[in-house]
Structure formats: structure tokens, C-alpha cells
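These protein sequences, in sequence, are chains A and B.
So the first sequence is residues 1 to 313, counted in my numbering.
So the second sequence is residues 1 to 666, counted in my numbering.
Hints listed in this document are in silico derivations from the structure and should not be mistaken for laboratory results.
Using N, Cα and C, we set each Cβ at its ideal position, and we do this for glycine too.
No incorrect hints appear here.
Derived coverage of chain B by chain A (criterion: at least 3 residues anywhere in the stretch with Cβ under 8 Å from a Cβ of chain A; other residues may be distant):
hint, segment
1, 607-613
2, 628-639
Which chain A residues face chain B? A few, computed with CB under 7 Å, are given here:
hint, residue
3, A226
4, L276
5, E278
6, D308
Which chain B residues stay away from chain A? Per the calculated CB distances, all over 10 Å, these:
hint, residue
7, A62
8, N85
9, E393
Next come the chains, spelled out residue by residue.
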Amino acid sequence: MFSGHQRPTHHDHISDVVAALEHLVVGKSVQIKLSLATLLAGGHLLLEDMPGVGKTTLARALAATLGFNWSRVQFTSDLLPADITGISIFDVSTQEFRFHPGPVFTSLLLADEINRAPPKTQSALLEAMEESQVTIDGHRHTLDQPFFVVATQNPAEQLGVYRLPESQLDRFLCCIELGYPSADAERVLLTGGDRRQLVERTHAVASIDMVVQWQQQAQQINVAPAVLDYAQALLACSRQMATEGICANGLSPRAGLSLLSMSRAWAMLNSREMVLPEDVQAVFTSVAAHRLAGSLKQGAPVTREILDSVDIP
Amino acid sequence: MSRPVEQNREFSDSTARLLGVTVLLTQLPLLLHLPLWICLPGALLVLCRVIPALRHRIRLPAFLMTPLVLIGAAAIVIHYGEVFNRDPCVAFLFLLVGFKYLESKTSHDASLLVVLSAFLLMTQFFYWQSIAAAVFAIPALFLIGLSLFTLQRGALPTQPRFMINLTAKLLLQAIPVATLLFVAVPRVTAPGIGEGHGNAITGLSSRMSPGSVASLSMSNEVAFRVEFHDTTPTRHDLYWRGPVLSGFDGHEWFILPRARHSTFAETTIASGTRARPTRYTVTMEPTSNPWLMALDAPSALPTRPARNSMPEVIASITEEKQLDSLVSLNRAIRYEAGSLLTDRFISNIQPGAEYLLTTRHNPRAQRFARELRADFSDDMTLANQILRWFSTEQFHYTLSPPRLGEDSIDDFLFNTRRGFCEHYSGSFVLMLRAAGIPARVVTGYQGGEVNGDYMIVRQSDAHAWAEAYIDGQWQRFDPTAAVSPQRVERGMSEALNGERTELFKQWPLLKTVSMQWDKVNYQWQSLVIGFDAKLQNKLWEKFGLKQPGALGLAILIIAVVLVWIALILAPWRILFGTQRADVCQRQWEKLCQGFARRGIARNNGETARAYVNRVIQNQPEHREKLLQLLDSYHTGRFGTGSQDRVIQKNCAAQMRRYRRQLGQFW
Chain A
1 MFSGHQRPTH HDHISDVVAA LEHLVVGKSV QIKLSLATLL AGGHLLLEDM
51 PGVGKTTLAR ALAATLGFNW SRVQFTSDLL PADITGISIF DVSTQEFRFH
101 PGPVFTSLLL ADEINRAPPK TQSALLEAME ESQVTIDGHR HTLDQPFFVV
151 ATQNPAEQLG VYRLPESQLD RFLCCIELGY PSADAERVLL TGGDRRQLVE
201 RTHAVASIDM VVQWQQQAQQ INVAPAVLDY AQALLACSRQ MATEGICANG
251 LSPRAGLSLL SMSRAWAMLN SREMVLPEDV QAVFTSVAAH RLAGSLKQGA
301 PVTREILDSV DIP
Chain B
1 MSRPVEQNRE FSDSTARLLG VTVLLTQLPL LLHLPLWICL PGALLVLCRV
51 IPALRHRIRL PAFLMTPLVL IGAAAIVIHY GEVFNRDPCV AFLFLLVGFK
101 YLESKTSHDA SLLVVLSAFL LMTQFFYWQS IAAAVFAIPA LFLIGLSLFT
151 LQRGALPTQP RFMINLTAKL LLQAIPVATL LFVAVPRVTA PGIGEGHGNA
201 ITGLSSRMSP GSVASLSMSN EVAFRVEFHD TTPTRHDLYW RGPVLSGFDG
251 HEWFILPRAR HSTFAETTIA SGTRARPTRY TVTMEPTSNP WLMALDAPSA
301 LPTRPARNSM PEVIASITEE KQLDSLVSLN RAIRYEAGSL LTDRFISNIQ
351 PGAEYLLTTR HNPRAQRFAR ELRADFSDDM TLANQILRWF STEQFHYTLS
401 PPRLGEDSID DFLFNTRRGF CEHYSGSFVL MLRAAGIPAR VVTGYQGGEV
451 NGDYMIVRQS DAHAWAEAYI DGQWQRFDPT AAVSPQRVER GMSEALNGER
501 TELFKQWPLL KTVSMQWDKV NYQWQSLVIG FDAKLQNKLW EKFGLKQPGA
551 LGLAILIIAV VLVWIALILA PWRILFGTQR ADVCQRQWEK LCQGFARRGI
601 ARNNGETARA YVNRVIQNQP EHREKLLQLL DSYHTGRFGT GSQDRVIQKN
651 CAAQMRRYRR QLGQFW
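Bound conformation, chain B alone (with noise of 0.2 Å):
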């Protein structure tokens, strides 16, 4: 019997049925990121084999494996329009795999089957990194290893409670080197093929129009996560600058395009304006946005730590002082940034034409703000002057205003008064126009809600405010918060008044429950997906040693996986001095705690049966069950078979069965 026909040999239907598992297991957290039509025929070819009934009836012939692999790449390719991306390549392994399991028959067919596998369920981290994904790993990585210590058995016997004991064992000894790779390797920040759609989420837009934030309120999913390297500002000072929006058609505030970006970030203030400089750490959730965001006003670019831990800067700042990214964003990215917290700062660009076009739509609201203009020349006097008839009028504050008409600002100011943020600086930096002074309108965040040591800003707390050039300075002005002081001083939830019904508000504890999870996820977030080159170096240092080079690294590793090995070994009686304690033993020294709690503790030098009888003597009801462990616990620790681990197992297991009927339960 030569060696290559052995591992060759065709494996068993069980082995076959538990490869079907595997593979269905590794395919189906793809399930969710894939296309239907590659999901489907993907899982069907091991369905068809895996289901007994099926196995039999449905027998694919070998002539059309090739011809039918080749349909389904050329499917794929048509599909996505490209060969070489990440989409393409996963869903072709999607599919492979599928194949390759249903022609599998031979043990080494059967090996690379699970390696596939293994490399199928890696691939669901190009799209998905959150715990979740993770956890779902891990039981297809359970089967993996099944699988594959179940080929490795060969002609051995394959116990299903053996092996899954075996699998667990070693999966549970690879942990500690894994976590070492996963620690010691350093990062590869390389682009590509883990940069795809993702879950990214829209979040705020480059356009806006009335209802377009309102909508985005609805919503409570995370935009970042801040951690504020001192002192949390306060809630007034919480303006998370987004997209800057100075043009306007009549209906739709958007983005003008900018030629100057700048990769300074300088922000002057007047002498005697009250600003106070802060540092952050953002954690921006994936978007499909271009946009950073940093606090009003961004004063230093955000930055992210390099390999040669040198800070990369990772976006540039237009004259608007809106954060443009310089790389993707969507997968979940980490960056430090810095701020002058201040309403207001000087800019020596005079803001050009755009700034002061109007439109001919929305007239009345033109000619309404002229009318203030003759009344106040001056241009501040003028803005809070229209702040104020927003608070003194009839303004609502409402997540479900009206339909407008087709001159909505006009619509919104004289008939409904009942809008959002949207609607309130969109018509303030309208009339603020029309009386003559540079306006435009910023979007952004305003507000956060803090969870321990850091801050959440979801989509909810997205917002619209307005910004004008009165004195050489861009001012800020919230028209929202004169309408609604409310929204600014205590957050959005509060300032609408139950008009949601808030599920958080009904049931306290799922509040508490959910910021809890954030914080996991956050620690997820920050410290397993944004474990980067900085984080890495810390470490090292925290052991005081520098980062070592390739060589070093490699001996370095070697050498704790060859004494980890060792560790595992080594007979127990070397490392820790004792024999282990036999699985009886444990079991008679559990019956021996379980009746000390009771009172009857055993004494120095007592035996097994003077105890028992001592027992029994408080206990007579229990004599039997006593008597018969006792019996289990002699055989298994001092019989003639007390060396063989199957009988040491047995008389363990039945000394658990008697310590259950006492009332013993762990």
C-alpha cells in the first residue's frame, strides 16, 4: 500500500454530509452581500448533495461541470462589468466552491474543498466588520477545523463527540498564536480589494431641499463616535461642520464647486471672540459621503497614523472650510482632528456673486427682507432682527411639515410656519440675501450624545444652520434655535415633543441596553478593526522595545509559538509541580464542597467511606446514591482500570449523574 493511494481514498457519506455543512456555513454570511442569482445556484449544488433525499435523484454529469463553471464566470463577469475587482472574484469563489464540493469524491479533493472554504468565509470581511461578522465566523471556522482534523483521521475512528472535543481543543490552543499574529504582524494599510460599497450609509447629501434633513432625522444609526482628547465642550458649542452649501436654484441649496482646496487648515479669529481650542478622535461609521467632519471651525486637518508613524493627512479644506476626504471612506476609518470652538471667524477671501444670489422665485420673502433692510442699516442689527421675528412669530419646530408650493420659502415664512431645520436657514440665508449680506448654509451635526468616555453623533442629530459675512467674519446663526431653543440646548428628541413616539423613552432599560452595545461595538470599532500601525506601536513601546524589523519579528514569533507548543506538551506534572487531577477527583472534591456548604465538611486525613458514612449518617435518604458514587469514584481512581481515561471518564460522568440526583447541579 503505497501512501498516495491512502490519502486519496474516497471519503464516507457522513464526511461528506459534514463538508456540506461546512461549505453551506461559509457560504452563508455571503448570502447577504452577494447577488440572488449567485446565492441561489451557489447553494443549491450542495444542497442537492447534502440533503438525503436529494442525494440520489439529482446527480449532475461530469461533461457538464466544465461547460456550466464556465457559464457562470462568464455570467459574472457580465454582471459587474469587470474581472478583476473584489465583487467579481468573490462571487466566482462563491460558486467554485459550490462546484468543487459537488464533483469532490477523494480525500485530497476534499482538503482543498476546505481550504477554499476557509478563504470563502474570509471574504466576508470585505464587507462586513462588525462584531457581528465575526461571530458568525466562527462557527463555520468550528466546521472548518472539523472537517478538516476528520479528513486528517484517515481510516481512524471518528467519533462525532471525539472530534468535536478534538476540533475544540485544538481551536481553542490556536487562539493565543492567532492573537499573536494578530498583534505582532504589522498592518498593511493596502488599498483595494477591502474597499468596496460596504454598508456604507448615505447620510447627508450635497443637496438640500425642504425634508431633506427631516428624513435623515428619522433615522438612528451612528454617523462617528468621538473621543475629546480633554474636556467635552458643551452642547452650544457642538456644531460638527459637514458640507457648506452656497448655491441655491430657488428650490435646493447645494454645493458649489471649489477649485481652492487648501491642505492648511488656518483659522483666524478676531481679537476678543471667545474660542477655545479642542483635540478629537473621530470614528466615522463607512459613507458614501466625501466629507469629514470636524467641529466648528476645523483649525487642524484630520490626520491619520501612518506606517513610519508619521500623521497622514487625510483630507483638504476648501475656503468654506468643508473637510473634503482624500481617501475612501467606505469602510469605517479613524482620524484626529482639531478645532477652535467659536461662532465666528474672519476670512480675507471677499465672498464672491454666489454668495448673494437669490433667484426670482420666492419674491415676497425678498421683498419682506428689503423692507427690514431700510429699517436697520446694520447688517448684524439686521440678522438678529430676523431671528427674532422667527421666535416671536407663529414658527413650529416639526419633523412632518406641510407640502410647500413652488415658491416654498415664501410657502413655509407666510402660510404654514411649520418646518425643520431645513427650512428655517434655508430662508434665513434667502432674506439674509436678499437684504444684502453674503449668506450660506452649512450642514452638519449639532449635538452628541455622550456614553461614558466618548461621544455618539447619529444621523438623527443631523442639522442645517446658516453662516453670513458681516464684519469681515463668517458669523454663525442657528434659526432653528430661535424658533426652538430646545433643539440646541437639549437635542432634537427633546425639542419635537413626542411628536415621535420614542421607543427609547417607553422602555428606559433598552436605552441603557443599546448605549451599552454601542460601547462594545465601539471598543470593537477602535480597538480590533482600528487596531493600526499607532495603536501597534504603542504596544511595543509598552513593552519598551521598538517595533522590530522583518527578521526579528519572524524569530521572534517562531520562538513563542515553539515554547506555546511546548507549553501544550509539557506532561502537566512538569509545569505545575502535581499530577492533574483526575476527572474523578474533581468530581469527589465537587461532592466533598457541595456537602461542606451544607455543614458536613470533610475532615484531614478522612477517607472516602468514612466520609460517606459520616454523610449518610445526616442524610440517610441519599444512603444509595452515596454508596453507589462511592463505588464509581473507587473504581475510577484506584481500580485496576483507574490509568485508562475511558473508564475514568465513565466513572466521572456517573459520580456527575449521582451528584445531580443529590442536588448537586455544577
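So that you can see chain A by itself, here it is in the shape it has in the complex (with noise of 0.2 Å):
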């Protein structure tokens, strides 16, 4: 527990891992805190972007500065449940069912383009986001924690692909883009050698007991009434656009807890004991575009409304 003016001491250690990750993913920190702030509060991420602007080594990058084990699953029209979350074989040594692991059991899973698989294996995986375990053969698995899921997902115009329903795109906490790099940043990239071998190469900054310590920290952070009226102008602003159609939906309660829970881990990640504002204004559009108009792209503009059109109390 921390309180008054005493420095957090999880700073240091969190600004190594953004350190560590900004040496990694050259030229997107927004976007690395943002995925940051998304395990800090205990959520997934779902990033939205064309193929080979870095979402897996964004992925990679974070499992391994992280020190968390992690694992991927490409997903494809004929991806079974099973093959996510396991399967019971039937050992005849022993003359019993053995229980082999899928790769869901794992600390960082790499979901690559979700939204090619179709709809039951996509609900199979987000079971185990929402439940934190899988179920098979009446047997219950519990997943260890913590269990930070990164999707990618390809642009829904694309060919061959099964949008997500908008109840699933719920339970992402965070949606992002990377999008295309600077020109600097892209330079580095070219010169640069191998990011893969770059990733495989990084010493964790940071283990997964510090990781789950930081999530309780991050729930300690202070919200003011003045920040929750702030919130609340802004579900029910965003009810308001639904209602005049600007939007598909409006935010929901739990869009609203969760905007409180990525504002806390912002302001944890800018070393503050409070949320203020601004938190909430940066933490917005991710939490809020895919959840209001089914993607990012179609998000965004609304989200930015949304912001402008509602004072801060």
C-alpha cells in the first residue's frame, strides 16, 4: 500500500518494462502503454490492423520482457475448439483418459486473426477469457493467472472472415491499432536486424509475480467522485449518439467499469495515485471505439465526439 506523497515503488520496474518494450516495438509507446495498462487491469487486448505492421511482435515482445510463458494459436476456418483449449486422449498404458493441455494454458496467448476461425472456436476462447478456465469432458481446468490474451484481428473487409459479434467484442477490454510506423521508426525497422531474434534474445525485465503484484496495485488507485461523474457524463453521452443513431450501441455498465479499471492502470503507468481526467481521456477511445461501432476505424471518429462534446466537471 502506498499513500500520500510517497513515490510508488512498482514505477521503476514498470517504466524498465515500457523501456524494454519501446527497444523492441520501435516508435509505437502509446500503443505499448496502452497494452500495458490492458494487463495492468486484468483485461485483453484486441489489436485491429492489416497483416505485418508488428502485432505479433508487439505480442512477443511484451511475453518476453514480461517473462511470461506464452503461446499462439493461428486461427483458421477449420480451427476446432479442441485445438485451443485441449483435448482428453485415452492413454492405453494406463487405461485412462489423459488430459493434454490446449495452448489456452498459458500466461500470454497469441490469438492471431480471431476472426478467421468461426464462431464456436472463437466463443470457445473467449470462455476461457471471461471464465479464466475451460471446461472439457465435465472436467473443470482453471487457467493460471495472470492469462492475458492478445488477439489480433484482421480489417473486417477483408476476405474470409467472421466478424465478431459485438457481445464478444465486449469482453476485450482494450482495442488498438498499431498502424503504420514514422518514417524514422520505419528506417529503424529496415536497418535494424531481425526483430524475431531481437525478441528471442531479451532478458525479462519483470517476472509474473510482480506483473499480478502491480494488478492489485493498480485497483488501489484513487477514482475522485469528481472522475466518476466524469465517466458517467461519458456513458451517457455516448447512450445519447446511440439513441440518435451517430453509433451503433452506447457503452454499457461493464464498458464503464471497464474504463475505469484502464484509466487506473494509465495513471499507475504515469506513476500517479490518482485518476484524473486526462486518464480517462486517454484510456477512451481504446475502451470505447470497437465497443460502440464494431471496430476501431468506425469508432474512433465517435469516441472523439464524445470527448469533445463532454465538459470535464
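With the hints as a guide, dock the two chains, each given alone in a separate frame, to form the complex.
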């Protein structure tokens, strides 16, 4: 517990993580911090982008710097739920079923191109995300904590994709896009060595225990009534816009909770013990856009409009 | 620990000092009204405990206390010669508070002392009811509250700043209740304790000798104020009739005692006489005289509203049309009267020999009048001839006439020829009497100064004129006007032609200020002091209600007070639908307003940091202060302790300090 004007001790380590990540993923500091904030808030991350801009690199860099074990599932149209969760196989030698855990039993799961898989498979993953457990053949298998899913999604205009329904998009705390790198960053990427090798050579600067501790600390960050007022006003405004037909849905109370926990984590990343309206603003688009319009691209202008029209109390 | 013991614990030194200052402040206004031999010991009793240097030196032994109080009481009774009257009671209370303070040790004593002080503070209004008195009472009232609340706190912490804030808050909350009680509770028109000598001014006198009115003329004090119900009469008609002086002993004019008083004022005038009826309300300053003033000639007796809303007649009128008050004038009084504006009225009573009395003094004046009589047989012509004589001969109107000899009128008429209105009116009446025309001197006031919607009549407007009985009518003559027409036309100060160095003439602004102050005073007199049953009734009528009975009134007051308490206690959110703007937010908004005035307004939805950064871009020299201010704002409004009032206030204070450094002072 920290209080008063005492500097939080976690901060140095977190800034180490941020620095290491910035070294690996060049020119994307905002996205890096948002990803970390999602992890600290105990949520899951959705990356919405075209192939080849570094989604996978970001996920692997996160796992590497935080010291997480990780696994990757490439979602395809013929992927089955068992390919994710695992399967029980009859062992002849012992004469009983033995459970073979799937890739979901890990700390960081990279679910690549999640919207290429059929809905049934998608929902298997989403259940694991929501419940932190999988049930196979009547047996409940609990996942380790932290369990962090980084899913990537191709833009919906591409062929052969199953759009994630809104209810499932809601499970992702945060949705960001990486976008093309800036000219300087791109030059570094082009001239530097292979990113994959760089990631593999990276030493972890944090551990699972530390992350769990940070997650607990993030929950202690103070949210003043004024900030709650502001968050509520934002929610109300989004609902107003939904009724006016500007966006598809208003924000749910769960979205409100997500907004607050994201804001807390963001404040913590900025080494503050209190959430400021600016924290809420910083995370608002990534928390709200995909919930409002089904995709980041369509939702971002709406969130901008909401932020401009709601004054800070 | 039983509760009584808790309540009866001894109070601290700082509480004792607070109590002492409270008692001194409540004693202070009375120093003006009580004799010195009471004031000094009364105040000293308190001082010797308040002043730290004396506190441990002077100790009054407990066994001396009772004898000393008894001696004080005896001295007061001997001094005043009575017991159950206002002055001895106030004086005794004054001393008693001092003794009580000296012996107070426990908080129980102290509570009693505070209540006594509150009562003592109230007694000053027996003597003095001006705005100044009310203003004077405020600090004492505040300290009484402060002492009381400090005592109530018991063992709880009592930081001065906190207690002062608390007292101010509680007293402010009490104002609406006090106002309600003032407005709604029926007026008690109880005579007695409130009536005393007060600050009554002398004003006109029942005797007039050369120089007596002139001395009055030096006084700028207000005699009374008048509101006319219709148009204000012209200056020529503004003869305020006071005591009528028919008696003469050769030197002085005086009031003849009259047996016949009437409570029915009737003024009959001859047909063809110009006369305009008028009604007006007079607010008289306290006076020790028994006369009420009315415009010449009074046609309706002065009345004041009574409780049953029937006007109460407060004066009787003599056959000389002099208004004798039936009530005490020691306090300011407000009455309504009516007059016929005329300079002559019919009298059916043939004037007696006393109106012709001349005495053996002033033989030359009498001889002169008889000589004139031989030339002019008509009374009216004769009177006018004397007036003409005054204006053609070298007579001067002056405030500082030379001293006159034994036969003062002779001396004045034929030697000095310099005089004030009493000289002219007196000698005029004497000459008329010598010529066989019944005549008398009338004193009062002439003129008045219009100030907005009312008129001020001052002591300096005091005047004396003459009345003569000609053709069955009493006819007014103003010999002063014959000598100095300006006296009536423009007022006395104009007529005296710079004889008095007038302060107001040199500084016109001072005059304006003084007139405005008079206006405020008049409002105070008529609306606060003069808030009587009639005004109260009017107020009820304004709300479309009848004056409620005692039970109704009690229910009403209790209901309003309960609603008020509920309003005070109700959370801000319920009353106004919004969260009460916290102190830091208010400071922040002021900062934003300040910079908005300089052209940097905060945009909708712009965060504090973004805005401050924008301001810093514009005014880089303020960078440090702005960033510190931002820090305080964030801590006070959003920080871990932002729900703590103390932290909020501290942060707001820091923000205000930074704002001052930025040049924002409010």
C-alpha cells in the first residue's frame, strides 16, 4: 500500500518494462503503454490492423520482457475448439483418459487473426477469457493467473472473415491499432536486425509475481467522485449518440467498469496515485471505440466527438 | 464520569479572556449612558482579570463579594432615588455582570454570564436606537455567540479560526429566523422601561426672550422629518406651528396656561380665503418638549396607528391651536396629521385682555404704536404700516444681535435695529397690543429641506412670527419676512448672507453625503424603529392574509423555522441537484476565467493539464507556478485525500496563493 506523497515503488520496474518494449517495438510508445495498461487492468487486448505492421512482434515482446510463457494459435476457418483448449486422450498404458492441455494454458496467448475462425471456436476462446477456466469432458481446468490474451483481427473488409459479434467484442478490454510506423521508426526497422531474433535474445525485466502485484496495486488507485461524474457523463453521452443513430450501441455498465480500470492502470503507468480526467480521456478511445461501432476504425471518430462534447466537471 | 461534573469543569485562561472581552464589549455602549462612577468600577472589575499583567496581582477575596455587591446596589438606589425603574436596573445589571465575571470559574458560571451579557447588550437600546447603536451591537453579539459556542464545545478542540468561522456561520443562519420574528411577532406598545431621557433635544422653549431662537438656529440637528401624502407645499406655506406665546412680562414671552383643551381640531376659514388641505406624516426626533408640530393651521389631530388598527389620537389642541402631546416624546414618534394651509382662521372666542397686555416696559415703542394708531384707524392697515416701517427703516436680520438694555424692545427698535426673528415678532406683537389689537407670538419652524421624497426640518429652521386678531380672524404676520424676505423665500442660511461660515457651502459633496446619510437614517427610523402595528398589518395584507391569531402565528413561525432548519441541514445535492462545487474546483474555475479574460479560454472537454500547457505556451514565464498550481488542483480534487475537507481547503489555499502570484487577486 502506498499513500500520501510517497513515490510508488513499482514505478521504476514498470518504466523498465516500457523502456524494454520501446526498444523492441519502435515508435509505438502509446500502443505499448495501452497494452501494458490492459494487462495491469486484468483485461485482454484486441489488435485491429492489417498484417505485417508488428502485431505479433508486440505480443511476443510483451511476453519476453514480462517473463511470461506464451503460446500462439493461428486461427483458421477449420480450427476447432479443442485445438485451443486441449483434449482428453485415452492412454492405453494406464487405461484412462489423460488431459492434454491446449495452447490456452499459458500466461500470454497470442490469438492471431481471431476473426478467421468460425464462431464456435471463437466463443471457446472467449469463454476462457471471461471465466479464466475451460471445461473439457465435465472436468474444470483453471487457467493460471495472469492470463492475458492478445488477439489480432484483420479489418472486416477482407475476405473470409467472421466478424466478432458485439457481445464478444465487449470481452476485450481494449482495442488498439498499430498502424504504419513513422518514417524514422520505419528506417530503424528496415536497417536493424531481425526483430524476432531481437525478441528472443531479450531478457525478462519483470516476472509473473510482479505483474500480479501490479495488478493489485492498480486497483488501489484513487478515483475521485469528480472523475466518476466525468466517466458517467461520457457513458450517458455515448448512449445519447446511440439513440441519435450516430453509433451502433451505447456503452454498457461493463464498458464503464472497463473504462475505470483502464484509467487506473494508465494513471499507474504515469506514476500517479489518482485518476485524472486526462487518464480517462487517454484510454477512452481504445476502450470505447470497438464497443460503440464494432470496430476501432468506425468507432474512433465517435469517441473523439464524445470527448469534445462532454466537459470535465 | 457523570455529566454534570463534565459540564461544570473549570474553563481555561483563554476562555476567560474571551469572556472578558465579550463582557467589555457589551459594557462599552452603556458607558455613554451611565454615570461615570458606575462605569469605572464595572469595567475595572472585568479589566483586572482580562489584562494578563493584573490577572494574578489583583484578587478579590470571595468573602468581600457579597458586601461589595450590596454596597453597589445601595449606592445605585441612593443615586437614582428609586429602584424599579430603567436606569437603576440597567446600572445594577452593569455592575452585576462585572462581579459575575470576576467570580466565574466553571463553565456553568460562564454560560450564565453570557446570558447576562446578552441582556446587558440589549439594554443600550433603551437609550439609543439609531443605526449606530445597532452597528455597535454587532461585534458584541458576535463575541457573545463565540463565547457561547466555545463553552458548548467543552473538551473538543477550539481553534480560534474554526470557532470564528462556526460562529459566523451560525449567526448568519440565525438572521432569517430573527427577521421573521421581527416582522411577524405582534408589536408590544408597552410604555415604561423604554421611555427615559434618551437623547432628547431641547428644541423650542416655552419662553422666548431676545436671543433664545437665535441660539437654536446654530444647531444643525434634525427636529423632525415629514412625508407629504400629496404635493409638497410651497415655502411660503411651511409654517410649522409650535408653542403659542401669549404671555408677556415686559422681557419674555411665555405660554399662558390654558384650561380649555379640545380633542377636536376644527379650523374654520372665511369664505374667499385661499386655503389648501394637506395631510402628512411627521417623524419627530426625541424631545423633552410636550408639543407636536403641525402646519399652520392644524385641521386634524395627530394620530398614530394602534394595535386594533384604529388610529390613536396622541395630542390635544388648545384654543390657540397649540398641539399638546398626550404621549411621551422621549423616543422618536411617528404621527399623521392634517392641516389647512392658510394664514388666517376664524375664532369665535373673543380674545381676552391678556392679548392686550403690554406692561409698563418699553414705553417708547408703545408710544410709537399709539401715534400710528392715530393716523390709521383700520387694524389691517395699521399692521401693514408697521411691517412697512420695518422694511423701510434700516433694520438688519442677524444671528448675532448686540446686547439689549432693560427695555429691550425700545432698545432694539430705536437704537440697535439688528435682530433675529424673536426680536421682530416680539416687538411687532407689542406694538400691535399697544395700538389695541389683540396679538400673540407663535413659535415653531419655518421651511424645511426636501431630501428625495421627504422633508427635513432642522432646529436651525426654528422661527417666531406673530398673530393678530383682526375682523374676527387670527391673522398671521411675519415681520422677519418684511425685513428679510429671503428668510422665508430661501431659508435661514441664505438670509444670513454668509454670517455663518457654512461648512456645506465650502464642500458641496459633504452636503450630498450628509443628505444621503439622513435618508438612510430616516429609512431606519420609519422602517425599523417605526415598524409598528400598522406597517405589520400592511405587510400581512400584501400577502393577502389577515393578521393571524396567537396560535396561528406560533404554528407559522414554528413551521417556517423547521423548514429553514431542514434547508440548512439538507445536502446540497438534494437542494440544487448538483454536487456542491468543491473549493479546489472553484479556484480552478476562477483561474480559467482569469485566463479567459486574457484571451485563453479553456475548451470544452479540455483537460486541466492540456489547458495549462496551452497557457504555458502563451505565457512561459508563469510555467513553474502554473505547474505547481496544477499539482495542487489535482491533489485537492482527484487525490487520495480529496474527500477530506482539510486537504481540500489546504489545496485550495495553495491554489489561491499561486493565483495571486499570477496576478489574479479575486
